[in-house]
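Number of protein chains: 2
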Amino acid sequence: MTKENSIGVVKTRYFEFEKLVLENGETLSPVKIAFETYGTLNREKSNAILICHALSGDSHAAGKHRKNSRKNGWYDIAVGPGKTFDTKKYFVICSNVIGGCKGSTGPSSVNPKTGKHYGLDFPIISTKDIVKAQKKLVEHLEIEKLFCVTGGSWGGMQALEWTVAFPHAVNSAIIIATPLKQYPMNLILNDLGRKAILNDPEWNKGNYYGKGQPKKGLSLARQIGHVTYVSQESLLRKFDRQRKKNAKGKFGIDFEVQNYFDYQGKSFVRRFDANSYLYITNAIDNFDLTEGGKKEAEEIFHGIKTKFLLVSFTSDWLYPPEQVEEIYSGLAEAGVPSVYKKLDLPHGHDSFLIYNNTLGNAIEEFLKNLEK
Amino acid sequence: MTKENSIGVVKTRYFEFEKLVLENGETLSPVKIAFETYGTLNREKSNAILICHALSGDSHAAGKHRKNSRKNGWYDIAVGPGKTFDTKKYFVICSNVIGGCKGSTGPSSVNPKTGKHYGLDFPIISTKDIVKAQKKLVEHLEIEKLFCVTGGSWGGMQALEWTVAFPHAVNSAIIIATPLKQYPMNLILNDLGRKAILNDPEWNKGNYYGKGQPKKGLSLARQIGHVTYVSQESLLRKFDRQRKKNAKGKFGIDFEVQNYFDYQGKSFVRRFDANSYLYITNAIDNFDLTEGGKKEAEEIFHGIKTKFLLVSFTSDWLYPPEQVEEIYSGLAEAGVPSVYKKLDLPHGHDSFLIYNNTLGNAIEEFLKNLEK
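So the protein sequences, as listed, match chains A and B. Residue 1 is where the first sequence starts when you use our numbering, and the numbers rise one by one after that. Residue 1 is where the second sequence starts when you use our numbering, and the numbers rise one by one after that.
Since the hints were made in silico from the structure, they are not lab data. What you are looking at is a predicted structure, and each value in this text was computed from that prediction instead of being measured. Take these hints with a grain of salt, some might be off.
Computed list of chain A residues with no C-beta within reach of chain B, every gap over 12 angstroms [stated by the list, open to error]:
{"hint": "1", "residue": "Tyr-14"}
{"hint": "2", "residue": "Thr-40"}
{"hint": "3", "residue": "Lys-113"}
{"hint": "4", "residue": "Ile-143"}
{"hint": "5", "residue": "His-168"}
{"hint": "6", "residue": "Asn-171"}
{"hint": "7", "residue": "Lys-216"}
{"hint": "8", "residue": "Ser-231"}
{"hint": "9", "residue": "Leu-235"}
{"hint": "10", "residue": "Arg-241"}
{"hint": "11", "residue": "Arg-243"}
{"hint": "12", "residue": "Asn-286"}
{"hint": "13", "residue": "Ala-334"}
SDA-like mimics (lysine to any residue), calculated; alpha carbons at most 25 angstroms apart, straight line [as the list claims (entries may be wrong)]:
{"hint": "14", "chain 1": "A", "residue 1": "Lys-342", "chain 2": "B", "residue 2": "Glu-322"}
{"hint": "15", "chain 1": "B", "residue 1": "Lys-250", "chain 2": "A", "residue 2": "Lys-342"}
{"hint": "16", "chain 1": "A", "residue 1": "Lys-205", "chain 2": "B", "residue 2": "Glu-322"}
Derived Cβ-Cβ restraints for the label pairs, each shown as a range [stated by the list, open to error]:
{"hint": "17", "chain 1": "B", "residue 1": "Thr-114", "chain 2": "A", "residue 2": "Ser-267", "range": "34 to 44 angstroms"}
{"hint": "18", "chain 1": "A", "residue 1": "Asn-68", "chain 2": "B", "residue 2": "Lys-245", "range": "32 to 42 angstroms"}
{"hint": "19", "chain 1": "A", "residue 1": "Ala-247", "chain 2": "B", "residue 2": "Lys-32", "range": "26 to 36 angstroms"}
{"hint": "20", "chain 1": "A", "residue 1": "Tyr-263", "chain 2": "B", "residue 2": "Glu-296", "range": "47 to 57 angstroms"}
{"hint": "21", "chain 1": "A", "residue 1": "Leu-120", "chain 2": "B", "residue 2": "Glu-202", "range": "20 to 30 angstroms"}
{"hint": "22", "chain 1": "A", "residue 1": "Arg-237", "chain 2": "B", "residue 2": "Val-339", "range": "23 to 33 angstroms"}
{"hint": "23", "chain 1": "A", "residue 1": "Glu-322", "chain 2": "B", "residue 2": "Ser-29", "range": "23 to 33 angstroms"}
{"hint": "24", "chain 1": "B", "residue 1": "Ala-247", "chain 2": "A", "residue 2": "Glu-16", "range": "28 to 38 angstroms"}
{"hint": "25", "chain 1": "A", "residue 1": "Val-339", "chain 2": "B", "residue 2": "Lys-368", "range": "32 to 42 angstroms"}
{"hint": "26", "chain 1": "A", "residue 1": "Pro-337", "chain 2": "B", "residue 2": "Glu-296", "range": "45 to 55 angstroms"}
{"hint": "27", "chain 1": "A", "residue 1": "Lys-305", "chain 2": "B", "residue 2": "Lys-245", "range": "49 to 59 angstroms"}
Every residue gets a Cβ at the ideal spot worked out from N, C-alpha and C, and that includes glycine.
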């Protein structure tokens, strides 16, 4: 993996379609999907890689939106010419999930029926629905079969859902720090984040558009989430028990680690919609390929021809190695060949974003073997 | 360990003294300590065991307050005639911490200077201060040297503090699921609980007495805490992804595990004071026997003659085995002999309260060896 070249300036594009019938029977209409692509689709349309973003991501995976933008896309370290997802070879696609707040239709969009923001009138969406919408985008780009679908965390759940819902449309899948189902501890952690938002009077049952976000609630929700992305070791390395200088008052910010979390919460409030947080964490909590224990792994992955790379991180306590290994053994039971890498990285669940050579090499090796 | 006999009806008693000079230089005056004792102090006054309670505990460790009480004290399973802390042999003491809300002076007490509840006028207290107050109680009971001091979680921190602050007053110590210092991950988890309370408008800067607790905030704080007391395995065994029947509306209680946490939060609000939660978690976060890394373990435990039993639980992710082992190796470096038991119990940090034979036997064996 090198950082040698950057994508340069990219533009977010939009794809609209009339309607999507959702898993719960309701219909979302119309549907807009924000997406970006990097690299060139080959004549055979066989080099497309779809990157699915996690909870707080967006379609802006790589490059810059303006020449003088200070920030690159969220996965820029891995996407670009000569990088792990090499845009000299691959046509890379990234789209914002429906239910999100970064250009795709979500609770902060205007409901054409009322002329007002959806708020809680937005229908409940599932990971299945989100993947179904992504499929429509991929079809719109005239791609029948993805060379690869990939994602970490909830992005990995979407990628897994792709392999199960559209097995013939996925050549390979790179699933990073992802479970077969959302386990109860993770489910309750998301629920506590939602409660932090629901507790905030400024949330106002979801009707806060034009009045400002439920800042305190959303910030707390993000911080509860953020605890699950880091590890004791990473916090110890960065902060240990370092005290904040000039700490004031009772029960304020006394330690640098609190300061860091406070910053994480505040910056999240500036870039993310509270209702989207509710809908998306709800979609994550309802992710369960076993369908309430009704399906064994053998049945879930039966007949799938997709080639899998599974990655876990030793320090990840949100989706720890044993949860990734459940997929690995499930694939084995179903006779689907897969490669599994358990990487000894200290950054907790965030290791999938704090990209580095260990992870980069594992992915590059897998991609290289696919080309053989 | 047997449950053969119960203590019967016990009464909470109170000990008052004029003042306590606190670690931060402020003075708390007057000071009242609620306490209970079980068993009989022998003539030599050499059979006293002090049990230190954890965050949400109180002085009512064993027995019942009324003949027809439905509930026993919080440690009744371990304290009584023939039980692990055998009241036929030992004189067992348990007191409510200062800063608490179960009879000892705390933020919900009336400030004699103003005639109003302290609220945030209550001074910041530390684990050291709490132990200093306990020492006054022990002296009041005319005990020079405790046969044993014990506690789990924050109770263990108090017990550790006893061995360091009053080494000649402690014959032995049983320290369960306790660290040498509060690590940054744990510190931030407590902080998020405090934020949940501070975010609640009904907290009203601590002035809510007579108007009712900040229910939503305190309930959420407790639930954030409760996540850290359980384990993925215990939640999986009890709830897995079992859905609640007749779930209603968006972002309510959809899963049984949410229902369980909701119950934990609500019942906590009925029995605990929100300001006490702030003061006590703050005391926990400031617990650091290394004094900001200035003291090595060798120095901390130098010259101590106390005999130690240290216990950790494999499934405890709040104070995991490696944190207890840090004390164990620190004691070894200081030449203090200790026994360490790492118990393979599935209940997470709560294993110290979900008392059972594995833990009971470890303690009983240690106590028996002390008598030799």
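- request: Quick one: which hint numbers does this structure break? Sort them smallest to largest.
  value: Hints 7, 8, 9, 10, 11, 12, 15, 16, 18, 20, 23, 25 and 27 are the ones this structure does not satisfy, whereas the remaining hints hold.
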